[in-house]
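*Asks:* Keeping their order, the protein sequence lines are chains A and B.
Take the first sequence: its position 122, counted from the start at 1, is 122 in the numbering used here, and no numbers get skipped.
Take the second sequence: its position 472, counted from the start at 1, is 472 in the numbering used here, and no numbers get skipped.
A hint or two may mislead.
Identical chains share a label here; the pair holds if one copy fits it or two copies do between them.
[To be verified] Computed cross-link-like contacts, DSSO-like style, restricted to lysine-lysine with a CA-CA straight-line distance of at most 27 Å:
hint, residue 1, residue 2
1, K532, K252
2, K242, K328
3, K511, K293
4, K539, K92
5, K519, K532
6, K457, K328
7, K283, K139
To be clear, the hints were calculated from the coordinates, so they are not data collected in a lab.
Note that the structure is a prediction, hence the values are computed from the model and not measured.
2 protein chains.
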Amino acid sequence: MKITLAQLNYHPGNFELNTHKMLDAIAQAKNEGAELIVFAELAICGYPAKDLLDFDAFINQANEAVLKIAEACDSIAAIVGAPVFNTSEKGKRLFNAAIVIEQQKVTHTVHKKLLPTYDIFDEYRYFEPATNCNIVVIKGTKIALTICEDLWNLDDVSLYQSSPMEQLILQQPELIINIAASPYSNTQQATRLRVIQRNAIQYKLPVVYVNQIGAQTDLIFDGGSFIMNANGQQIAQLNVFKEDIQSFEFNKNGFLAKNTNSLNENLLNEMGQIEQALVLGIKDYFHKLQFKKAIIGLSGGIDSALVLYLAVEALGKENVLAVLLPSKYSSEHSITDAMALVNTLQVKHHLISIQAQINAIDKSLHPYFNDTPFGIAEENIQSRSRAILLMALSNKFGYILLNTSNKSELAVGYGTLYGDMCGGLSVIGDLYKTVVYDLCRYINRNVPIIPENILSKAPSAELRPNQKDSDSLPPYEVLDAVLKCYIEASMGKNAIIQQGFEPALVERILKMVNANEWKRWQAPPVLRITPKAFGTGRKMPIEGIYSV
Amino acid sequence: MKITLAQLNYHPGNFELNTHKMLDAIAQAKNEGAELIVFAELAICGYPAKDLLDFDAFINQANEAVLKIAEACDSIAAIVGAPVFNTSEKGKRLFNAAIVIEQQKVTHTVHKKLLPTYDIFDEYRYFEPATNCNIVVIKGTKIALTICEDLWNLDDVSLYQSSPMEQLILQQPELIINIAASPYSNTQQATRLRVIQRNAIQYKLPVVYVNQIGAQTDLIFDGGSFIMNANGQQIAQLNVFKEDIQSFEFNKNGFLAKNTNSLNENLLNEMGQIEQALVLGIKDYFHKLQFKKAIIGLSGGIDSALVLYLAVEALGKENVLAVLLPSKYSSEHSITDAMALVNTLQVKHHLISIQAQINAIDKSLHPYFNDTPFGIAEENIQSRSRAILLMALSNKFGYILLNTSNKSELAVGYGTLYGDMCGGLSVIGDLYKTVVYDLCRYINRNVPIIPENILSKAPSAELRPNQKDSDSLPPYEVLDAVLKCYIEASMGKNAIIQQGFEPALVERILKMVNANEWKRWQAPPVLRITPKAFGTGRKMPIEGIYSV
Numbered sequence: 001m002k003i004t005l006a007q008l009n010y011h012p013g014n015f016e017l018n019t020h021k022m023l024d025a026i027a028q029a030k031n032e033g034a035e036l037i038v039f040a041e042l043a044i045c046g047y048p049a050k051d052l053l054d055f056d057a058f059i060n061q062a063n064e065a066v067l068k069i070a071e072a073c074d075s076i077a078a079i080v081g082a083p084v085f086n087t088s089e090k091g092k093r094l095f096n097a098a099i100v101i102e103q104q105k106v107t108h109t110v111h112k113k114l115l116p117t118y119d120i121f122d123e124y125r126y127f128e129p130a131t132n133c134n135i136v137v138i139k140g141t142k143i144a145l146t147i148c149e150d151l152w153n154l155d156d157v158s159l160y161q162s163s164p165m166e167q168l169i170l171q172q173p174e175l176i177i178n179i180a181a182s183p184y185s186n187t188q189q190a191t192r193l194r195v196i197q198r199n200a201i202q203y204k205l206p207v208v209y210v211n212q213i214g215a216q217t218d219l220i221f222d223g224g225s226f227i228m229n230a231n232g233q234q235i236a237q238l239n240v241f242k243e244d245i246q247s248f249e250f251n252k253n254g255f256l257a258k259n260t261n262s263l264n265e266n267l268l269n270e271m272g273q274i275e276q277a278l279v280l281g282i283k284d285y286f287h288k289l290q291f292k293k294a295i296i297g298l299s300g301g302i303d304s305a306l307v308l309y310l311a312v313e314a315l316g317k318e319n320v321l322a323v324l325l326p327s328k329y330s331s332e333h334s335i336t337d338a339m340a341l342v343n344t345l346q347v348k349h350h351l352i353s354i355q356a357q358i359n360a361i362d363k364s365l366h367p368y369f370n371d372t373p374f375g376i377a378e379e380n381i382q383s384r385s386r387a388i389l390l391m392a393l394s395n396k397f398g399y400i401l402l403n404t405s406n407k408s409e410l411a412v413g414y415g416t417l418y419g420d421m422c423g424g425l426s427v428i429g430d431l432y433k434t435v436v437y438d439l440c441r442y443i444n445r446n447v448p449i450i451p452e453n454i455l456s457k458a459p460s461a462e463l464r465p466n467q468k469d470s471d472s473l474p475p476y477e478v479l480d481a482v483l484k485c486y487i488e489a490s491m492g493k494n495a496i497i498q499q500g501f502e503p504a505l506v507e508r509i510l511k512m513v514n515a516n517e518w519k520r521w522q523a524p525p526v527l528r529i530t531p532k533a534f535g536t537g538r539k540m541p542i543e544g545i546y547s548v
Numbered sequence: 001m002k003i004t005l006a007q008l009n010y011h012p013g014n015f016e017l018n019t020h021k022m023l024d025a026i027a028q029a030k031n032e033g034a035e036l037i038v039f040a041e042l043a044i045c046g047y048p049a050k051d052l053l054d055f056d057a058f059i060n061q062a063n064e065a066v067l068k069i070a071e072a073c074d075s076i077a078a079i080v081g082a083p084v085f086n087t088s089e090k091g092k093r094l095f096n097a098a099i100v101i102e103q104q105k106v107t108h109t110v111h112k113k114l115l116p117t118y119d120i121f122d123e124y125r126y127f128e129p130a131t132n133c134n135i136v137v138i139k140g141t142k143i144a145l146t147i148c149e150d151l152w153n154l155d156d157v158s159l160y161q162s163s164p165m166e167q168l169i170l171q172q173p174e175l176i177i178n179i180a181a182s183p184y185s186n187t188q189q190a191t192r193l194r195v196i197q198r199n200a201i202q203y204k205l206p207v208v209y210v211n212q213i214g215a216q217t218d219l220i221f222d223g224g225s226f227i228m229n230a231n232g233q234q235i236a237q238l239n240v241f242k243e244d245i246q247s248f249e250f251n252k253n254g255f256l257a258k259n260t261n262s263l264n265e266n267l268l269n270e271m272g273q274i275e276q277a278l279v280l281g282i283k284d285y286f287h288k289l290q291f292k293k294a295i296i297g298l299s300g301g302i303d304s305a306l307v308l309y310l311a312v313e314a315l316g317k318e319n320v321l322a323v324l325l326p327s328k329y330s331s332e333h334s335i336t337d338a339m340a341l342v343n344t345l346q347v348k349h350h351l352i353s354i355q356a357q358i359n360a361i362d363k364s365l366h367p368y369f370n371d372t373p374f375g376i377a378e379e380n381i382q383s384r385s386r387a388i389l390l391m392a393l394s395n396k397f398g399y400i401l402l403n404t405s406n407k408s409e410l411a412v413g414y415g416t417l418y419g420d421m422c423g424g425l426s427v428i429g430d431l432y433k434t435v436v437y438d439l440c441r442y443i444n445r446n447v448p449i450i451p452e453n454i455l456s457k458a459p460s461a462e463l464r465p466n467q468k469d470s471d472s473l474p475p476y477e478v479l480d481a482v483l484k485c486y487i488e489a490s491m492g493k494n495a496i497i498q499q500g501f502e503p504a505l506v507e508r509i510l511k512m513v514n515a516n517e518w519k520r521w522q523a524p525p526v527l528r529i530t531p532k533a534f535g536t537g538r539k540m541p542i543e544g545i546y547s548v
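Only chain A is shown next, with the shape it has when bound in the complex:
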């Protein structure tokens, strides 16, 4: 049986587009003589569809779209991810389903049993877990059809009471198919291969793994669908961060191993992955919101330089506007460094001084501020004055402002709410400052693109004379290491100190993180590239007086 893996980029709720893409893939698969085509989890409606799932009309639309797909499946069978109503009187109103279509009819509907409800996942919000697990027979092949998390309940991460495969294996399937919506993080590709490999080896079955690709606001799905044989050997690797449709012959001996040299061609090293993930994140945000043009405030520092580069990669230089917004505290090199990058990337730029606006504000506030010393208020006025101008250009000409905050500063609150925290999308809000440097160096690996002076000068917000980040923050190497323990590993104060960090410093950093939850509540969506990003996957009280 020839099986086609259809790794597509779905738009949540855009049934017309999703159906269209799926029909095209079916046509291609038929052309290649495939007998079965496999789409990703909840392909028909896009993942995550969030509370759209609460609307009856939405589920009905999904059902109609499935029927349209079915019409095209004459010679070919299909597996389609879709939400379906739970017709029992008990439990949640929906199931997360894999629908099997043969001869233009729905022949099986398999329900997902393990519903991830942690980090960015909240599937139990919508879905009832499957009560029974049965294999399906498609064109004579007995298939353990599973949905994403269904394969993830291995012994050492036993988050659920039982695993669907424990039941399914008793029915002697010949093949595991797993349809997934598994988002990218910098550890996920390796984890995914390991998990699927353990299933293959434990159950002595080949596995077809089909993931979606595409960014849905903050979540970036990398695709990277693959095939593994019963011995855990990877046979095929689809593209990462790109749509891909490929067909493979399956018989009683499993899948024929292709030249394994080509397997890794589609894979990237960590910095390469992050770069592609962020570019896709920007591209899809604009595409799916139906915008074309981005505006970026270019400070001369490394963060905005990186975001400008990524925006150009994603949208094309003709769709990106850089705006330099100096104040009297901006250093000479801020302008020259920013202009060097503008020239290298050949993007349009404006240079607008914010000083007149700041003078007007200072004058209006003088009756109240009097002769109080220069402080946070005055610093924030500068940052917010820049935001007003950027947003005005955005509103007038239809640009979307890209935010340039990094994860380190978001963590400790080293940024101005309604100032440099503005933007429709936070591009590098899940990159610690040290990773920002790593990524820039990676980008410069062959040809210098980010000016060397931006990489080598000491980071500064330039909101007061001779300011340096290091005036108020620990060195980024230490800060980032502590933050990673706290945010990504949920390690408490004592556990972090036991790693060898100075107790007072750890305490200070954790306090800064906790004290700035209220700011992050209002931050833009952050493109997620680590297992724990700020945003939907991390929910902390903003008002608790806590120390963990």
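Position chain B relative to chain A; hints supplied.
*Replies:* The following block gives chain B in isolation, referenced to the frame of chain A:
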């Protein structure tokens, strides 16, 4: 057995404060000769503790706090809500537990079985459901000890496969105790009574219901704990929106009915409830974040007038600063109406023109804007100029800016991001514009407080000459009715049209709501007073092209 209901205001993660409050309540209960004191769900750590629950150190702190409570329970028994580790190798790492303490020892630990995971609830994110349900015997009384949702699985809302009471009733309990963390909404008090009454009648058992009070950022818990007899008759009603500790005698005949006339004294009509809810919401936000002073931009319109009134109620007039920020488009009555309210409420005020700042911005942008017509960009510049000044005063003097957006404008995006959408807390973001009027009239029921002219003039953003809300929005009566169907009832387009609304209008309104998800992503926390508020309880894709 004398039972004390301890309805307290807990701070998430502040174990010291929570323990202190609970020990005080135990002392009072012992004083009153009580034999059992009952605290709310997850009392020890506060509800919701969110991802603090992911930290081992947090669970250990909770455990230590429980042991401190136990020390004080010599003559008295106690029921304490707390998170506990799941010691099995399978399932989520925690249980949501009710811990029974007798003679200074933990004698039983009951796990919650039904874990709400919808709207603002996400308990399955953290907790494993109970596998077994057994009654507990405290001082000879057989008690069906349940935790909040455990009593909510009645036939007509059968969200779960089975109900704990089905098992518990077989063990012949004499009393149901339910410890809860049930947030306020304008329909919740009636629903709660009905649900508990159905349990009382169905199982022929009296019920002790103990809720927490206090606001946790966006969620307002109203308390309103009560006792019901086996016939469903309510025997006692604790205070709403206030801490309250009361003791009641229970014997084999149930609870002795007190004078039922006094029962309703503690209850309020809907507008009275909403007023108290919002006042508590503001008060606790400031108190738990350790702030004292609020700043409000006072436009002369009804929204900011209402927020100013509520802030004064919550924080005291000495802690509230009103700032009038007129531009050349502000009408004469905006100043006079605002000043009338300032004088009535006797709050401090500043009057700062934004015109000089706007002129400076216009000049800076002129090379780019040239002679393009006045539009959204110019309107937003005004709104954002006000925000800069408000935030500057906030940063300089330690005020928290209160946001004044209402639910109708948040819904359709009739507000400026980083402008009038600024603020640490959205006070009336869950009140439709029509409800804003209702509440103001309620506040004025005895003495006119909100100036009549503010109530009678046509609403306007005053961002261009002679602007009226009705220029770009449908009448609020129609808009709000449609929004309520869409947001609170999850009714799709066709279902709403079938209610008799004009199809084109419904389509237009729904499109406006969908198109503004990206703005709401960055809105402040909204005090929740309806069953479906913007914020944590409503998660919609911001980039889907959808129509439901």
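*Asks:* Tell me, in ascending order, the numbers of any earlier hints that this structure violates.
*Replies:* 1, 2, 7
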